[in-house]
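Student: Given the coordinates of chain H, work out where chain X should sit on it, guided by the hints.
From first to last, the protein sequence lines stand for chains H and X. Using the working numbering, the first residue of the first sequence is number 1, and each one after it goes up by one. Using the working numbering, the first residue of the second sequence is number 218, and each one after it goes up by one.
Simulated from the structure, these hints should not be mistaken for lab results. Treat the hints with caution; some may be incorrect.
[Claimed, not checked] Simulated restraints, written as ranges between beta carbons of each label pair: (1) H/120 with X/329: 24 to 30 Å; (2) H/76 with X/323: 49 to 55 Å; (3) H/87 with X/269: 58 to 64 Å.
For glycine and all other residues, C-beta sits at the position ideal for the given N, C-alpha and C.
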Amino acid sequence: MFDNVRFDLLQDALIDTIYMTFVTLIFVLVFGFLIGYVLYLTESKKGILKVVHQLLVFLTNIARSIPFLILMILIMPLTKQIIGTILGSSAAIPALVISATPFYARLVYQSLREIPKSIIEMLESLGKTTTQMTPILLKESLPGLISGLVITSVTLIGFTSISGVIGAGGLGHLAYQSGFVKNDQTMILLSTLTVLALVFLIQGIGDFVVKKIDKRI
Amino acid sequence: MIQLLNVSKKYDDIKILENLNLSVDTGTIYGILGRSGAGKSSLIRMLNGLVKPDSGQILIDNQDLTTLTTLELRKMRKRVSMIFQQFNLLYQQDVLTNVLIGYQGKDLSKIEKQQKAINLLKLVGLEGFENRYPKTLSGGQMQRVAIARALMNEPDYLLCDEITSSLDQETAYQILDLLKQINQQMNLTILFVSHDIDAVKYICSDVCVIEDKHVIESGKTIDLALNHQSSVSKRFLNHFHDRFLDKVTEDVYEVYFLNEINYPLISQVSKKHLVDISILYAKISEINHQSVGYLLITVSGRHKLEAIADLKAKVSVNLYV
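For reference, chain H alone in the conformation it holds in the complex (with noise of 0.2 Å):
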C-alpha cells in the first residue's frame, strides 16, 4: 500500500506546515498578546482609552469575521507587497497572521479578565502602578495565556491547511494536489494522519506545559 508513496513529499509538506505555523505564531504572540493587554486596560475606561477600546473591538471582530479562504484571496495583493508573491509557504504567513492574531488577542483579553476585581483592587492599594502591575497579572493569567496559544497553534495548522488549497505548500496541499487532484487516497490518508498527529502533539505538550505551570489547582 505504501510502496510508491513519496515520503520525501510528505516530509518537505510536514516542514513547510511547521514553517508556516511557528512563524505565525512568532508574531500572533507578540501582535495578538499586545491588543489583547490594550483591549483589557483600556476596558471601562473614559475618553479616549473608551474610542482605542472600541476601534480594536471593532476591528478584531472584522478580522475574526472573514472567513480564511477569502481573507487570503482579499490581501492578495497586499501580500504580494510583502513578500513578493502570491504562492509557497510564506506567501500564506500574512493571512495566517491578520487571521489568528484577533483570535488569540480574544484570548488574552479573555484571560486576564479573569483576574478577579479584588486582586487589581488589592495591587492598586498597595500603591502599584499599572507598569509594575503588568507582570504579576500575566503570571496570575499565565495558564490561560498558554492555553490560549495552543487553542491558536491547533487552528493554525487547520488554516495552513486551506492556504495549501490556494498555492501555499504544507500538508494541506499536498492532501488537495497528491490526494485530490491525482486521486491518491493514500497521500490524502497519510496527509491527514500527519495533521492529526502534528495537533496531537502541540496539544499533549500544551496541556502538560499548563498543568505543570497553574498553581492554581
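Tutor: This is chain X only, laid out in the frame that chain H set:
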C-alpha cells in the same frame, strides 16, 4: 490621626454616606460597626483612595487625601495598608513572593527585601511557609500572608475590611490576637470594619456605629458598652429577643457591672432589704480585655425601692421596661 470631615458618597443617586464625621486617634484599634450596605466598606476604601468621596475631606495626619495627585496618593498608600475579606492572594505566586509584592520602596536590596518578608512571615506565625503556594494554605494562613504583605511597607495605618468574616470562629480569634499583637508591637493604628459584634468588642479599643448614612455613636468601646442609652451597649450585651419579657408583669431592671464583683451582690441586697430578686437574663462579655456583666432582674417586696437604690450605689442600674 485620621479624620473624616463632612464626607458624602452616593452610588447611582443612592446616598450611602452623608456629611459623615469621624476621628480616629493614633495607636488605637478602631471598630466600625454597621449593617450590610451601611457604607462601611466604602468608608474604609476611601481611606486608601480606592473610593473617592463625592464631597468632604479625608485627612490622614492632616494631609487631605482628596487633594492628592496620583503620585502623592501612591506614596500615601504605602502608609495606609489594607487587608480584605477574601485575602486577595496571587495563586500563581508562592507565599514569599506574595509578601514581597507588598513592598513599594526602593531602599532595600533584593536580599534585604527577602529577609524582611521572611521576618514578617515569622511574625505572623508562618515560618517555613515561604515556598508554599496559596492553594495549599487554610483560610487563616492565607489571611496571615495578607497581613504580612500589608506590613511590608511598614505602614502607620492598617485598614481591615471584614477580614474575619470568611473564617471559622477559632481561626478568626487567632487573627484578632495577631492584630492586637501587631498593634502593640508596631504602634500601628488599625481600623477594623466588621458586622461581627463579637470580633469588634474583643479587639477594638474605640468604636463607632454607622447607621442611616451617619455615625450615630462613637467613643471608647468600654464606655459605650456600659452606657445603657447606647445602641452599642444593646448590640454588645443583650442578644435576646424582647418577646421573652412579654409575660413579665413587674418592672425589669438592667444591671451593668465592670470586671469581677468578688462578693454576692444580689444575695446581699436581697437579704438586707428582704426583697425577692429574680434574674431573667445574665451574660458576661469580654469587651476589649475587660469583663462586663449584664443582668436583667425583677425586684419585688416592700422595700423594693430601697433595694434598687442600694444596687445603684454599687453598680449601674437602669429601668428596662
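Student: Give a verdict on every hint.
Tutor: Hints, one by one, checked against the model:
1. H/120 with X/329: 24 to 30 Å: This hint holds: roughly 28 Å between Cβ atoms.
2. H/76 with X/323: 49 to 55 Å: About 54 Å separates the Cβ atoms of residue 76 of chain H and residue 323 of chain X, which means 49 to 55 Å holds.
3. H/87 with X/269: 58 to 64 Å: About 60 Å separates the Cβ atoms of residue 87 of chain H and residue 269 of chain X, which means 58 to 64 Å holds.
In this structure, none of the earlier numbered hints is contradicted; all agree with it.
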